[in-house]
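Assemble chains H and S onto chain D, guided by the hints.
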Amino acid sequence: MKGQGRGLQAYAALYLLFLYAPIILLPLFAFNSGTIIAFPLQGFTTNWFAQMWANTTLRTALTNSLIIAVSASILATCLGIFAARASTRFEFPGKGGMMGFILLPMVLPEIIVAMSLLVVLLGAGVQLSILTVIMGHVLICMPYAIAILSTAFSSLDKSLEEAAYDLGETKWSAFRLVTLPLVMPGIVSSLLISFTISLDEFIIAFFLAGNQPTLPTYIFSQLRFPKQIPMVMALGTVLVALSVVLLTLGEYFRRRGNARMGGNPTGGFL
Amino acid sequence: MTDDRKPMIECRGVHKHYGDYHALRGIDLTIRAGEFFSLLGPSGCGKTTLLRTIAGFEDISDGAILIDERRMEEVPANKRPTNMVFQSYAIFPHLTVAQNVAFGLRRDPRGKAEKAALVDDALAMVGLRGFGNRAAHALSGGQRQRVALARALILKPKVLLLDEPLSALDRKMREQMQVELIKLQRQVGITFVLVTHDQEEALVMSDRIAVMFEGEIAQLDGPEALYARPASRRVADFIGVMNFLPARILGETDGTVTAEVPGLGPVELPARQVSRANPDDDGPTIGFRPETMTLVGPTQTHSQPRETNATIDEVVYYGDMTYYDLRLDGAAAMDGKARPVRISMRNVFGRDVQEVGTRTRLAWSPGSLVLFR
Amino acid sequence: MAKGLDAQARQGYALIAPPFLYALLILAAPLLTILAYSFMTDGYLEVVRDFTLTNYVQVWTDPIVRTVMLRSLMVSALVTLVTVLLAFPVAYYVSFLVRPERKSLWLFLITIPFWTSYLIRVFLWKVILGYNGVINSTLTGLGIIDEPLTFILYNVNSIVITLAHAYAPFAILPIFVALEKIDRALLEAGRDLGESRAMTFWRVTLPLAMPGVLAAVLIVFIPTIGDYVTPELIGGGKIPMIANLIQVQMLALDNRPLGAALAVTAMAIVALVSIVFLLINRRFLKVRS
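Residue numbers (our numbering), protein chains in the order written: chain D, 1 to 270; chain H, 1 to 373; chain S, 1 to 289.
Chain D on its own, in the form it takes in the complex (with noise of 0.2 Å):
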């Protein structure tokens, strides 16, 4: 039994490394005072973030992605509550497919999902923006804050609401006085993995943008020039910096809702 533990323990921890491999060349590079990114390391500079700072193309992407999760990952989550409660709490024929159609972007290759969209949409004389990408995130947000929803909604009795009901409130209120408050932390952890996904999306944000930068779609455009790397060395630092608080929030409230519900704190985000 040690021994076995001990080789898979070293496989894992090998593993782990590899999976954090580019995590943790990014600030190594981010702080490298030299151009090329390449070992052995120069100095240590804060110059690659002040070139950063003050870039405005950069700025001007970095507004629109926000603008850009922030509205798919609340229309996404909307949505999301509306599926996961039908899924969860009402039986109809033709359900099944119904929700498998809605998952269908969570195992459709982007690329088809990105180029039929643009098709109907350049078709149609829709003028390509930022509305356009929130569209196509939607869509693809969608799938993940049902699964996320569904298991808030189904890990909840459905006496409650009843009970709610029986002691004088409407459909309604019950709704906001006792549903709401206990699926809550799947609501924000929906939020949050939303607005993840939507802020790293690249392929649909390139083909369905028209002129109009995203921070991926920034980003691969930069990485053509090699002089540019090292600020989006920077630029990618802040972004994991950022995407381990949003991910470590969301497991935080998932956890809490959990052991509000005396459930037990064990799965992930998947």
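Don't read these hints as lab results, they were simulated from the structure. Any given hint might turn out to be false.
List time: in silico DSBU-like cross-link candidates among lysine-lysine, alpha-carbon distance up to 35 Å [what the hints assert, rightly or not]:
hint	chain 1	residue 1	chain 2	residue 2
1	H	K172	D	K158
2	H	K6	H	K79
3	H	K112	D	K171
4	H	K156	D	K158
5	D	K95	D	K171
6	S	K181	S	K103
7	H	K183	D	K158
8	H	K158	H	K183
9	H	K172	H	K115
10	S	K238	D	K227
11	H	K79	D	K158
12	H	K156	H	K6
13	H	K79	D	K171
14	H	K183	H	K6
15	D	K171	H	K156
16	D	K158	H	K115
So, partial list: chain S residues that the calculated Cβ filter (under 10 Å) puts toward chain D [what the hints assert, rightly or not]:
hint	residue
17	Q8
18	L15
19	F20
20	L25
21	I26
22	V90
23	Y93
24	F123
25	L124
26	G226
27	V229
28	A260
Virtual Cβ for every residue (Gly too), placed ideally from N, Cα, C.
Same frame as chain D, but now just chains H and S:
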């Protein structure tokens, strides 16, 4: 027995369909004010559906339900004068005990202090004085149950509906809560309607019991009548233990049936001791409860009108009781099949438990028999 | 139909309508348009509405398309194989050897890299694997090699490594879930019945974990076959995969019908592979129940 209390709940020809499934098949039922009433039956018999139609959680497909002489079709659950204790208790996990109990008072115009006093009274009534500030999810099963009771009773409903309220508790706790529920019901005088699959629970607690099978009421009676004179073989099977022996009908005059029972001999049974057999029974049967017959020693005297000789096949000792499986002399006479019967004897000081293989006498009275035909 | 069922179904439909209509509008309509386009003819700056199968004939006969298609399938299969093989021991470790209260921490650690910028992660693999990259400069610096290694650069190998990294959590999580569901008493029963540890793993653990492994295979295979970024960044655009070809046809060459036919063919292949795996999965599930 006549009861002049006014009717509180009336079900008139209530039907409930779920698609092709016919969950309630014409329920006619009157529950009187202040009654402790039980709906008893196996799972899937429709008892919970009936309770939920009374509460207003399910629409009925046909018929009418009246509560306190008012038709309920157009009255939604949140406007009905009923409150419910759910099987899972449905205690709101994000609220404290006091907030749970006060939940139904939100729309009440009374002042804060007055409401707080009501909550304290309600908690005291269920034995949870001082628990108000506890978090609901930290409560034990029995405490949750009490909170659920307090939360429902604080609204002074005309009817309290209880959906298998004791099924999640362990045996000791359950027996304790049964007694407390009876006391509580007497104290508040509210009509209680209890759904249970536990026949013992129903017998212990109820004024009257409706036994349900497959969406119909099979028998509606007080506990004693239900136990002693089940209306059908199926009800007898469901409630308690009953021995069954094949019988041959010899004749019938003015409702009194004469039957020959192998091992017991000929018996005359008045109409009140004659019930319906199950459709798949092959021929009439005689039934009797284990405790209605007594083992008597060779020299012992007894006051029962009849006695039968038997051999002890098996002895099962339960501490306070002993069960004896007996072979009655001549029991196999009719078709060659030996049918053991089970007799229960209370263990009293100074009386030895009998051994397997002992020849014994069995004293009994025809008055304790039921004929199913 | 009874009243109760109708009311329930009505509420269900009312609730599911907004997300469903949204998916219908934003997903189904475009997909159907693509399907329609794939049977039309490409004209100058427009699509001619004549029914034709020439696009599909071209997709199936053009040697370039065939090369790219086969490469995509090969790369995806390889990525899937590598990812799942590398992931299984980790999932096993977390499920069987990590203390229960530490499990969620491990899962959290495994999922974090997945949520960090995909583009930058992919680019950093180029940095790690490149000519003057981390690996080569370390190895030459240590004097282990004289010339930088080239078999890991700008080729299928580097694409496989990068994608295996990108989809790691997708493989670990379903296998982990399947392993978690295994009743530990079954393993003790296997040992109790005289099997060695290895044989117990082979005869009890692995078959029971199979649904998770098959789910992992699907979850990795489907998105990798449509990956656009990695061939573009790591392969330097010189070794395109199907997604890049679709994009080129649709936009750069403006041959939408051919691009549509490519997309439909790719989806058909993905669907076919998925169905095969779902059927295998069903067999496993049947054995279990």
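Evaluated hints:
1. Between K172(H) and K158(D) the alpha-carbon distance is near 28 Å, which keeps this suggested pair within the 35 Å criterion.
2. Pair hint K6(H) plus K79(H) holds up; C-alpha atoms about 22 Å apart against a cutoff of 35 Å.
3. About 25 Å separates the Cα atoms of K112(H) and K171(D), which keeps this hinted pair within 35 Å; it holds.
4. With a C-alpha separation of about 24 Å, the suggested pair K156(H) and K158(D) falls inside the 35 Å cut-off, and the hint holds.
5. At roughly 23 Å between alpha-carbon atoms, K95(D) and K171(D) fall within 35 Å of each other, so this suggested pair holds.
6. The suggested pairing of K181(S) with K103(S) holds, with an alpha-carbon distance near 14 Å, which does not exceed 35 Å.
7. For the given pair, K183(H) sits about 30 Å from K158(D) by alpha-carbon distance, which is consistent with the 35 Å threshold.
8. For the suggested pair K158(H) and K183(H), the alpha carbons sit about 17 Å apart, so the restraint of at most 35 Å is met.
9. At most 35 Å may separate the alpha-carbon atoms for a hinted pair to count; K172(H) and K115(H) meet this at roughly 34 Å.
10. Of the supplied pair hints, the one linking K238(S) and K227(D) holds, its CA atoms being roughly 22 Å apart against a limit of 35 Å.
11. Straight-line distance between C-alpha atoms of K79(H) and K158(D) comes to about 20 Å, which keeps the hinted pair within the 35 Å bound.
12. Between the alpha carbons of K156(H) and K6(H) the distance comes to roughly 18 Å, so the proposed pair stays at or under 35 Å and holds.
13. For the suggested pair K79(H) and K171(D), the alpha carbons sit about 12 Å apart, so the restraint of at most 35 Å is met.
14. Note on K183(H) and K6(H): the hinted pairing holds, with a Cα-Cα distance of about 22 Å set against a maximum of 35 Å.
15. Taken as a hint, the K171(D) and K156(H) pair is honoured in the structure, with Cα atoms around 22 Å apart against an allowance of 35 Å.
16. The suggested pairing of K158(D) with K115(H) holds, with an alpha-carbon distance near 28 Å, which does not exceed 35 Å.
17. For Q8(S), the interface hint holds, since its Cβ comes within 10 Å of a Cβ in chain D; the closest pair sits about 5 Å apart.
18. Look at L15(S): its Cβ gets to within about 4 Å of chain D, closer than 10 Å, so that hint holds up.
19. Hint status for F20(S): holds, given a least beta-carbon distance of 5 Å to chain D, under 10 Å.
20. Interface restraint check for L25(S): the shortest CB-CB distance to chain D comes to about 9 Å, inside 10 Å, so the restraint holds.
21. At a threshold of 10 Å, the smallest CB-CB gap from I26(S) to chain D is about 5 Å, leaving the interface hint in force.
22. For V90(S), the shortest C-beta to C-beta distance to chain D is roughly 5 Å, which falls under 10 Å, so the interface hint holds.
23. With its C-beta approaching chain D no nearer than about 4 Å, Y93(S) sits inside the 10 Å limit, and its interface hint holds.
24. For F123(S), the interface hint holds, since its Cβ comes within 10 Å of a Cβ in chain D; the closest pair sits about 6 Å apart.
25. With a cut of 10 Å, the hint placing L124(S) at the interface with chain D holds, because the nearest CB-to-CB distance is about 4 Å.
26. The beta carbon of G226(S) is positioned within 10 Å of a beta carbon in chain D (closest approach about 2 Å), and the interface hint is therefore held.
27. Residue-level restraint check for V229(S) holds (minimum Cβ-Cβ distance to chain D is 6 Å; threshold 10 Å).
28. The restraint placing A260(S) at the interface with chain D holds, with a minimum CB-CB distance near 7 Å, inside the 10 Å limit.
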